[in-house]
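Student: Chain by chain, the residues run as shown.
Protein chains: 2
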Amino acid sequence: MQPRLSFITLGVADLERSKRFYTRVLGWKPMHDEAAIVMFLLNGMVLSLFVQEALMDDAQVKNDGRGARFTLAQCLRSPEEVDALFARLLKHKVTITKMPKKVFWGGYSGYFADPDGHLWEIAHNPFLRMDAEGNVLGMSDV
Amino acid sequence: MQPRLSFITLGVADLERSKRFYTRVLGWKPMHDEAAIVMFLLNGMVLSLFVQEALMDDAQVKNDGRGARFTLAQCLRSPEEVDALFARLLKHKVTITKMPKKVFWGGYSGYFADPDGHLWEIAHNPFLRMDAEGNVLGMSDV
Numbered sequence: 000m001q002p003r004l005s006f007i008t009l010g011v012a013d014l015e016r017s018k019r020f021y022t023r024v025l026g027w028k029p030m031h032d033e034a035a036i037v038m039f040l041l042n043g044m045v046l047s048l049f050v051q052e053a054l055m056d057d058a059q060v061k062n063d064g065r066g067a068r069f070t071l072a073q074c075l076r077s078p079e080e081v082d083a084l085f086a087r088l089l090k091h092k093v094t095i096t097k098m099p100k101k102v103f104w105g106g107y108s109g110y111f112a113d114p115d116g117h118l119w120e121i122a123h124n125p126f127l128r129m130d131a132e133g134n135v136l137g138m139s140d141v
Numbered sequence: 000m001q002p003r004l005s006f007i008t009l010g011v012a013d014l015e016r017s018k019r020f021y022t023r024v025l026g027w028k029p030m031h032d033e034a035a036i037v038m039f040l041l042n043g044m045v046l047s048l049f050v051q052e053a054l055m056d057d058a059q060v061k062n063d064g065r066g067a068r069f070t071l072a073q074c075l076r077s078p079e080e081v082d083a084l085f086a087r088l089l090k091h092k093v094t095i096t097k098m099p100k101k102v103f104w105g106g107y108s109g110y111f112a113d114p115d116g117h118l119w120e121i122a123h124n125p126f127l128r129m130d131a132e133g134n135v136l137g138m139s140d141v
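Protein chains in written order, with numbering that gives the first Met the number 0: chain A, 0 to 141; chain B, 0 to 141.
Source of the hints: derived by calculation from the structure; they are not laboratory data. Treat the hints with caution; some may be incorrect.
Derived contacts from chain A toward chain B, CB cut-off under 7 Å, selection only [said to hold, decoys possible]:
(1) LEU4
(2) VAL11
(3) LEU14
(4) GLU15
All C-beta atoms in this analysis are idealised placements derived from N, C-alpha and C, irrespective of residue type, glycine included.
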């Protein structure tokens, strides 16, 4: 797996409140802003705000009061690369919370947990524009 | 505040166990590896593994069972820039968990919390090498 981060997603209780904070207090401009998710393009990666319950649901982890307050994500260039990485993770008996599958937003995505339960999403996102090194440049119009 | 991420630090229960996972299973090579912290250089930013208790202590947050499982950090180019940002945060009545001060590793650092309690460290790290856009290139020999 390349040492590369495409997204960090913060689970939030109130998306409007968080959006106000990041836009008005920190002064950031959203790259993508819709009902359920707000994204900011940072240096070669994206910081997303996503409703906490939806984030846990997406990663298929339980709401035990401490789970999935954030996720990290690495985007790969094809569904086949996602499958190949999960094959490797399975060999190493890594905890997989969601085997890769087609997801509602048009991508292909799965999740694994590191030894402390920190969640990594490995995804193919056909709308994401990346440079040759994998830095995120933006999103295509969906 | 620039839309830019310098570090993400994951709080871990057992540093050796986490290091084994990230090096052997994911195949990453540490950029910096010492008793208390392990750092991996990703695309323009650093992912650090840091003992959970030490992370909470550094951010001056309480151990309530759900606090500070990770922190985000943005490094600025001088202690004065750190102070200027905190002055702005104070005006906006942002929750500050640690006012900027000199810290043991030779830097100058403070922490604030976003509306969900996600912690941001704002620091000047004299050992960090960044390009003109603020992408992290590595660490000087300490």
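Student: List, from low to high, the hint numbers that the structure doesn't satisfy.
Tutor: Numbers 3, 4 - these are the hints that the structure violates, sorted from lowest upward.
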